[in-house]
Amino acid sequence: MTGPSRRRRISAPRLRTRTAGDIGVRRIRWLLVIYALIVLMTVGKLIEIQVINADTYADLGVRQRARTIDLPATRGRVYDRDGDVLATSVQAATIYGDPRVFRPTSTPDGIAVPPAADAAEVGTQLAPLLGMDAAEVTERLERDAHFVYLGRQLDHEVGAEISELNLPGVGVLQEPQRVYPSNGLAAQVVGFTGIDGEGLQGLEARYDTVLSGQPGMLVLERAPGGLDIASGVRELVPPEVGTDLVLTIDRDIQHVAERAAMDAMEEHNAVGASVLVMEVATQEVLAMASVPGFDPNTRGDEDRSTWRNRAVTDVFEPGSTQKALTVAAAIEEGLVTSDTVMSVEDGIVVSGKRFTDSSRRETEEWSVSEVMERSSNVGTIQIAQELGPERLEDYLRDFGYGAPTGGAFPGESGGLLMSHEDWWGTSLPTIAIGQGVAVTLLQAASSYATIANDGVAVTPQIVRGSVGEDGRLTRSAAPSEHRVISADTAVQVRGMLEMAVAGEAGTGARAMVDGYRVAGKTGTARKPAEGARGYSGEYVATFVGFAPVDDPQIVVAVMLDEPRPQFYGGLVAAPVFSEVMQAALAARRVAPDGVGQGLRQAMAVARLQAEERAQQEGPALEADDIASPPVGSPAGGDGTGVSADEP
Amino acid sequence: MSAVTAPLRRSREAAPDPRRHLHVVDEPVIRHTLAYALVMVAVVGASVFGAVTLNALAAGASVEARALDAHVSEAERTYAQLVADVASLEDPARIRETALELGLVPSGPARFVTLERNLPADGAVVATERPGATQDPLKPLLSVER
Chain A
1434 MTGPSRRRRI SAPRLRTRTA GDIGVRRIRW LLVIYALIVL MTVGKLIEIQ VINADTYADL
1494 GVRQRARTID LPATRGRVYD RDGDVLATSV QAATIYGDPR VFRPTSTPDG IAVPPAADAA
1554 EVGTQLAPLL GMDAAEVTER LERDAHFVYL GRQLDHEVGA EISELNLPGV GVLQEPQRVY
1614 PSNGLAAQVV GFTGIDGEGL QGLEARYDTV LSGQPGMLVL ERAPGGLDIA SGVRELVPPE
1674 VGTDLVLTID RDIQHVAERA AMDAMEEHNA VGASVLVMEV ATQEVLAMAS VPGFDPNTRG
1734 DEDRSTWRNR AVTDVFEPGS TQKALTVAAA IEEGLVTSDT VMSVEDGIVV SGKRFTDSSR
1794 RETEEWSVSE VMERSSNVGT IQIAQELGPE RLEDYLRDFG YGAPTGGAFP GESGGLLMSH
1854 EDWWGTSLPT IAIGQGVAVT LLQAASSYAT IANDGVAVTP QIVRGSVGED GRLTRSAAPS
1914 EHRVISADTA VQVRGMLEMA VAGEAGTGAR AMVDGYRVAG KTGTARKPAE GARGYSGEYV
1974 ATFVGFAPVD DPQIVVAVML DEPRPQFYGG LVAAPVFSEV MQAALAARRV APDGVGQGLR
2034 QAMAVARLQA EERAQQEGPA LEADDIASPP VGSPAGGDGT GVSADEP
Chain B
204 MSAVTAPLRR SREAAPDPRR HLHVVDEPVI RHTLAYALVM VAVVGASVFG AVTLNALAAG
264 ASVEARALDA HVSEAERTYA QLVADVASLE DPARIRETAL ELGLVPSGPA RFVTLERNLP
324 ADGAVVATER PGATQDPLKP LLSVER
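Protein chains in written order, with this note's numbering: chain A, 1434 to 2080; chain B, 204 to 349.
Just chain B, with the same shape it has in the complex (with noise of 0.2 Å):
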């Protein structure tokens, strides 16, 4: 601590601001500590309870989706044998076999008929007024004409 310094400190303390004591007083200030602390417990808490609950809420989106992989594996697998049951059904052999047992026995060669005149879905244009349509004999019969 050098000497020379101590005359400044005095010549400061020897002139005071001669307003010092006139400024505006603020009110003071209350400060409600109680009431900040159970704010901040309350953010620290909601903040827990917040990741907590996220983290809650991830590890049952978690367990679900395994839950429904299970599930859709579990689909798949049933899928893979139904499909394998039915073409074991379908077996061309099984299905013999099964006729055989109840008494079927097997069809001759096929038969074919062949239609002397063709038929409309065969691509045959229907007349809409035959000609003699006025000499069919059974018109008579068949008409309120009779």
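Isolated chain A (complex conformation) (with noise of 0.2 Å):
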């Protein structure tokens, strides 16, 4: 190509005139130019949200369509021993309002828009309902919120009924309520959960993670309007049930212990009163009574000092049921035998301190199971003085004192128990005839326990065991056991405490079950003054024994807490022990050992019965027994089998 030709082509445009078409088609590129350029941006906007970002876009358009709906998980059962319910859920209806509806409103543009309903008309045809005052529902309603509860934890009829109104602005929700169908049995042991369904007292509180359970979720997708979009997503995280937990308790036997108990705390004018049954082999806790006792599911009607669970966390000094264990160990240690001749004078004196027995008496030669029938101080003191006291607090503390018994006890005491190097001059004396050491009713009940169990001692236990989703029931952890006195000691004290029960001169024949024979000791012991040394004018009555005794299966341990006017544990304690006894004995159908009442034992019975008429009627009449002791005075030597223990 020339030079001239190409001047000629590159000027030939200059040169041409701009047609209509030519325009026109100018235009037309341009266009779709822009129209390229138009669909290269949607094309790479569709780009970034269909594959760059294409999750992030799918999350936040579920996000906007999702609704996620929390699912309670229902709370596990407690059962007793035998799968008698004590503790359930069931759905409750809680009642909302939301004041909004009830506020006049404005819109944006300033315009004043009535409210949608009148409070005062919703709130009168609630309140009936909810068992509130009109007043206080409208109050509610027209609070300055915008959710208020008008009734929570009410029946489902409730709930349904006020649904069935639809009255704008109010809404009723579905939520569990723990109940307890037995209303106040083992209230203490089993506790209670709060509104919202957490463990607040007792086993609810210790297991709460157990029984809680996990909750779940629901996603839905829905439309705008409210409805579930049926091919949208539906995810379900089902919630998982709660375990349920499986108690030691027998229902029965912990009503008779809570109506004993109950019945003595009335009749002995007692600020309280524990009883413990516990079977010897496991030290599986059958009952634990606490009166007075509450009602959980009306709580918060009661007096808070009812929650608590006396039986371990009162601590009392035992008194004379720890001679017991103060002879065990002599006779471990090869000091004495059952049979061991000493010669027990009127008193002892102790670093200056003088003890005595209950009565006088004249210095007397008596075996060491004649000590503990008659639950002489001053012979227990004796055998202690030989004892020393290190081997007295070794074997305190290898029958379970000064430390919590390591089962799962909520609130459970130590007791008290000082270390021998911290006791003085009186310590050894007081502490081995019961006072200056204090233990709760289940550290008593153990140790005698162990006494029945070959002298095996075993952790107590309140929980059996869990029952998971499949219906089978999982076993607590086996108990520790550790061996704290030889089986033939053990033998040779159960047969003094027989005799404590059945002795002439035992203190327990109160104690007695017809058809059993039975091994238990008697307790009085001073209380501590509160915020000053010393004693109270106050007692503690207890009595803890066991049947049968060839082949021990139950203990039962009673405390009472300040009876008046009589105190002792043979007196106020013993009969609790046998009415709770004899039911226990017959519940867990344990065979009898000894032989029916005989006609001496029914005289003597006949005897104390009339006796306590007597004292209840009034002073006695020279026509009536003229060994009727006096109010407030131990009986003995009357030959009624009943005798003073009170050091």
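Hints are not guaranteed to be accurate.
Listed below are several chain A residues computed to face chain B (Cβ distance under 7 Å; list not exhaustive) [to be verified]:
#1 1518
#2 1521
#3 1523
#4 1524
#5 1527
#6 1612
#7 1614
#8 1615
Short, incomplete list of chain B residues facing chain A, as computed with Cβ under 8 Å [what the hints assert, rightly or not]:
#9 280
#10 283
#11 284
#12 291
#13 293
#14 306
#15 307
#16 309
Here are some chain A residues the structure puts well away from chain B; computed CB gaps all over 10 Å [as the list claims (entries may be wrong)]:
#17 1543
#18 1571
#19 1639
It is worth saying that the hints were derived from the structure and are not from the lab.
Glycine included, every Cβ here is placed at the ideal spot set by N, Cα and C.
Take each chain as given, in its own frame, and dock them per the hints.
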């Protein structure tokens, strides 16, 4: 191509006049370019949305449509050892209101909008169903809030009735409610939950994580109108039902124990009472009663002091029940046997303090068994002196004193037992006879269960196991065991304890159970003064024992706090023991090992009952049994088989 | 448009294929336009109907599922309430109170009967032939041999 021709071609357009067609074509080309750019941008955005950030936008979309519903887990039940329900959950109705519905509002343009409903009218309709005053309901609906509770954990039927009213600004929610069908039965043991289902007291609190389960979740896609999108996402994470708890408690024995404790508390004007029933071989607690009790269904109206499980939280001086342990330690150390005869004087002076028995007498030659039978303070102190402080403390700790038992008992106290290095002059004699040391009723029962179990101590248990979704019982971990005394020593102590009940001079005649040989020991101890040194004028009466003697199955421990006017364990606690032990033996189907009540025993019991009636009715007349003791003093030496055990 | 190409076009026009008008002509295709349109409408209609039906079925299933969920929830609620009610009725204190209202009295202590001889159910061996059977004084009265 030559130079001139190139110039001609270049200059040609300048010279050519643009026609309308050229302009049209040119515009079309520009439009195509613009369209191409727009298409490119659109495609690019599509790629970004559909490919690069596809997951992000999908999540955003789901979030806008999805509605997450929390599914509360059903709390596990609490059963007694036979599968009877002690605590369960039911569906209850919670009524709420939206006060915004009852307030006048205005549009952004400032146009006033009247309230959608009248609070007073709605309040009047709701009040009788909620059991509230109409003014109170109206006041709640008029609060400056978006959400107010009008009633919580009401009956399901109430919620259904309110739903049918279809009141504006009022809604009904379903939420679980914890109920205790047996009302106050074993209330201090089982405990209770808060209104939101969290464990607050007792085993409900201790096993809260086990019982509560795991809440679930339901994710739904919903259209703006609120209807579910049929083909939308529906993701369900089902809630995990809480694990059921099976206790060692026997509901029937528990009921008898609570009733007997309440009767005794009222009869003897005590401020409280506790009864504990335990299986010997396993130390499983069959009943743990504390009175006064409370109903966990209406706990808000109850005195908070009644929530306390006295059998494990309250400590007391065991009194003469302690003597069995002191003697057991001495026998185990080979210092004495049950037949060892010792001279027991009227009193004994230790570190300048004189200790005597409950009644004045001459110096006696008593066997160790008789010392126990008569609950002699002097004889027991003599034995303890041979044992010494260090060994006495060691044995008491082996029996479970001075530390929590290790079972799952909420609020359990370890009791009080000082190290022997901190004992002073009178500590040995006082601790040997059960003063200057404090135990819970559980510790007292456990120590006697060790004697009944041929000297083998087992960790007490209150929880038998748990039941998961498979419906099978998973037993709790096996309790630890350790030997405290030999079987031979245990047999000797059991024999002595039997004499303390059935012997002529025994202090626990009222603890006898028809058809069974019973072993046990009474205890009466002064209560320490509150806020001051020394003792108050109040007493704690106890009785701890087991049956049948040949093959002990059941241990029962009874404690009455501040009984008046009678306060001796043999008078106020032993009858409770007898009643509860009889029921427990029957409930556990334990075969009798003794003979039926003979004529002599029947006469003794009849005489005791006559004495009780005489004391209740007034001063004894000459025509009455002259052996009737005065009110408040121990009976003794009258052939009734009851004598004082007060140190 | 270049002038150089004009002769070529002319030469092509000048030399037509001599057999062009001799090829076999196919039978003219009858286009059933109306039928085709109807089929297409039917297909589209069926597709729309199918989609709507599926959606309706899904919606119906969803409603049924919700109803079943509600039914299950109600059944579970009723079951839990019945468990609580039964436990409440079994409360020993309530039973005792009811019994007293009915005039029942507390039973005395349990009595036990000790058998002098073990029963077969207790593991006792029952002899098939008792040695003293023939000397049984009742036998003449109870037997056909009397």
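For each hint, the structure was consulted:
1. 1518: holds (4 Å)
2. 1521: holds (5 Å)
3. 1523: holds (5 Å)
4. 1524: At about 4 Å, which falls below the 7 Å cut-off, the nearest Cβ of chain B leaves the hint on residue 1524 of chain A intact, so it holds.
5. 1527: violated (14 Å)
6. 1612: Hint on residue 1612 of chain A: holds, closest Cβ of chain B at ~5 Å, below 7 Å.
7. 1614: holds (3 Å)
8. 1615: holds (4 Å)
9. 280: holds (4 Å)
10. 283: Hint on residue 283 of chain B: holds, closest Cβ of chain A at ~5 Å, below 8 Å.
11. 284: Where the cut-off is 8 Å and the nearest Cβ of chain A is about 5 Å from residue 284 of chain B, the hint holds.
12. 291: Holds, because the Cβ-Cβ distance from residue 291 of chain B to chain A comes to roughly 4 Å (cut-off 8 Å).
13. 293: Constraint on residue 293 of chain B satisfied, holds at 6 Å.
14. 306: Given a least distance of 19 Å, the restraint on residue 306 of chain B is violated.
15. 307: violated (16 Å)
16. 309: violated (10 Å)
17. 1543: holds (43 Å)
18. 1571: Its Cβ never comes within 10 Å of chain B, the nearest being 31 Å, so this holds.
19. 1639: Its Cβ never comes within 10 Å of chain B, the nearest being 22 Å, so this holds.
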